[in-house]
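Asks: So the chains spell out like this:
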Amino acid sequence: MDNRTTQPSSLIACLALYEIGSSTLFLLAAEAKQDAWIAMTMASAAGFVLLALYLAMHRMDPARDLFSLCRTYMGKWLGKAVGFAFFGYFAYEASRNLRDLVELTSQILLNDTPLFVIALLSVAVVSNTARYGGRILFLCSLVLFPFVIVGYLLLIFLLTGQHLIHAENLFPVLENGWRPVFRAAFPSLVSFPFGQTVLFLVFFPLVRTQNRNFTRTVYLTYAAVSIFLIAMNQLILFVLGQSIAERVTFPLLESVQLIEFSQVFERMDIFFVFVLFLGLGLKLAAFFTGAATGISQLTGIGYRKGVFGTGLLIYGLSFISPNYTHHIWLGKVVTYWFTIFQIVLPLLLFIAMKLDLGKRRPGHG
Amino acid sequence: MDGLDNGDLSSIVEELRCRLGGSSDFIVRLIQDERNRIDKYAVCYIDGLVDKSLLAFLLEAVVAEAREDAVHPSDLAASLASRVPVGALADAATEDSLVQAMLNGEVVIIGAGRSGGLSVAIPGGPSRSIEEPSSQTVVRGPKDGFTENLADNLSLVRRRLRTPDLRIEDRILGRYTRTKIAVVYIHGIVQPVILDELRRRLDKIDIDSILESGYIEELIQDTAWTPFPTIQNTERPDSVSAYLLEGHAAVLVDGTPFALLLPVTFFKFFLSSEDYYQRHDIASFVRMIRFFSFFVSLLLPSLYIAVTTFQQEMIPTTMLISLAAQREGIPLPALLEALLMELTFEVIREAGIRMPRVIGPAISIVGALVLGQAAVQAGLVSGAMVIIVSFTAIASFVIPALGMSAAIRLMRFLLMLLAGSFGLFGVLIGMIPLLLHLVALRSFGVPYLLPIAPLNWGNFKDLFFRMPWRVLKQRPAVIGSRNPRRQPKRNRHGEGNRT
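Protein sequence lines correspond, in order, to chains X and E.
Each residue of the first sequence is one higher than the last, beginning at 1 in my numbering.
Each residue of the second sequence is one higher than the last, beginning at 366 in my numbering.
Next up, chain X with everything else stripped away, as it sits in the complex (with noise of 0.2 Å):
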């Protein structure tokens, strides 16, 4: 009996609610205006380049992890630092979903809740997740896959039943030019979301890889989940206008908001709120997972005390904005240095397999 092997399937239900995640939260490519859908194509096809990447690296050496992978190739100081570098960044990507999620539902369900209270139950929660592990993580995306995806095609559904969707929007195309595309694109876009699938280095070992379809259906899932955001990102554009999208917190919601299903429930946005908190959540405990994981391996604590430091230094984090204006706008500014981390870095790990293991071969034969 095989059930105590992680089953790429549950793995592929994680990418796949984790890419979605908080990436329908925001408008996407907002200075590209009607034109994001390109600068999106343009930008998921650099996620594929690296996501390309990594599975490469998992494929070379398919045993370890990001942060193991990093002490061995990179010698023991410097993949330290490099392992610290990343459990950094996991964690600090994990406080500002849990930012997004408390600001989301302060402003949406809980009113007068404070910001402290709403944020120290959603890292209970959070942390809860993570406690279990990835394995159990990837099950319980499984779980919540179906939901999510009924979720999104029922609001696709009524967004078009009841004709909002003004796809007319889509013009003119190209009306400035590549310029703004290009700078939507590159860098931020390639690093949120698509480049973010780096946190899967860490997860990747846990599942039986070795299958030969592993990397298409990833690929596949990849693609399909880049054609979602895409459409539903186009999708938001078409229903709001972009003048009003780009001005919206939630420019989502407030789509949703405009479907009527009076008689029966106002305000559908509320229901909404859930899909969006179960990919969000679900993103959060995978990046607080795969900081736990780097914690615990980097200073050889346990995983349950990895995790409960991870949760508090999550929950510090998550208060370095005063505002969600001072939010959005530093996450702006740290968009450029991530790409620090998926794609320097990678890179530098990736060279450095490459030379290790070269060198290795002609040793062995």
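Keep in mind that the hints were calculated from the coordinates and are not lab data.
Glycine included, each C-beta is placed from N, C-alpha and C at the ideal position.
Certain hints may be false.
[As the list claims (entries may be wrong)] Away from chain E, derived, C-beta distances all over 12 Å, residues of chain X:
1) PHE48
2) PHE138
3) CYS140
4) LEU158
5) ARG212
6) PHE214
7) SER226
8) LEU345
[Stated by the list, open to error] Here are the computed lysine to any residue pairs in the SDA-like style, where the Cα-Cα straight-line distance is at most 25 Å:
9) E/LYS826 - X/PRO146
10) X/LYS305 - E/LEU806
11) X/LYS305 - E/SER494
12) X/LYS33 - X/PHE182
13) X/LYS305 - E/ALA805
[Claimed, not checked] Here are some of the chain X residues that sit facing chain E, going by a computed Cβ distance under 8 Å:
14) GLN7
15) SER10
16) THR105
17) LEU110
18) LEU120
19) LEU121
20) VAL125
21) ASN128
22) THR129
23) TYR132
24) ILE136
25) LEU139
26) LEU142
27) ILE270
28) PHE274
Once you have looked at the hints, place chain E on chain X.
Replies: Just chain E now, kept in the frame of chain X:
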């Protein structure tokens, strides 16, 4: 330690009596040799544990033997074996084993001047006849249920599975109760891993008493720290047979009609054996109703509290007005109102189970009229709340397994508290740990949410829907994958009828 000294019959009998502390149900019949007028045999048993009519046969045979046989053969068993007409015979060499044999419902025969004793198994005594199971009723399907008698229960299963592959392993547990336990499985279908694990866990049990299968359930389940049942129990022999055929193992315990079935997954608790006896489309519909009831039973009160306390903007205006009008003048917040009503219901429920049957109608009058209608009229609770609580209560009875609905009831209270404190957000932060707990839970190593997490498409044929039998050609994966075929692959409709 004490091989029987057969010199003096009366001293052995006295010793046995002493062992049993002179209990009055210890019966000794001394049978004399006709010529010598000395005690030749002592027939000992415990009153009420042996079958009276068989005992008469047995005594007759022993008396006849005592009359005829002048020469004493050295072996008692050999001389009696041909004469005793009933029961399984066994030698008992020590006093301990004699006493134990009697306590198991055997009759012990000791011969003067012979080595050892002979035990004849003719267990009997009072037992309930086979009746319709009270906890799991069906409209269509067999009406026989297990009783407290292990041998009868085993025969009910054996009668349904007339295959040599049905295996029964006996063991005795409980230092005082010496309860007979039978592990039942179908050789060739059950997963050896599960069976070995079950044996290992049963071996570890060392407890003074097993009075009900619930003891065993708690002692062998994977973790005690979960409200969810990880072992199924049933009173229905047809249910046991169906589970055995899917690769589960069963544990039957003497003295209780409830058999244990394991391993079991979450979704099994929403299935009834009747699902397989009635048309598949009807059965599928009923299953959907059960899963719907699961969510109602778990979430309805907490959603109501959350929406009316925190997210009123979700309710359509007309309904909001009517709800607000009802709640006008109600002194309690929605959370307390709901908790009060739910607790009241729990009290009524418990009273309904524990009270003597005759008082039943009184409780329902008090419950329905006094607590329901009067509370609304007195303005203590709103009518909407009464509807919510009653519907929740009824929905919880739709779930076929009592253990599961009890777990849901427990969770419901926690979710209500969270909903009362944090609204819909509270419901969510209650549901997520619950989901994780279910995902992480295992029953004998089998993931609790099996066909969903981890994913197994094959098992979906018999999950939310019950596909027609023509389609259900395979046993459920993982648990039944050792012998996966139920029907041959190419068994088109009609082919079976022609042969």
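Asks: Tell me the hint numbers this structure goes against, listed in increasing order.
Replies: 2, 3, 11, 18
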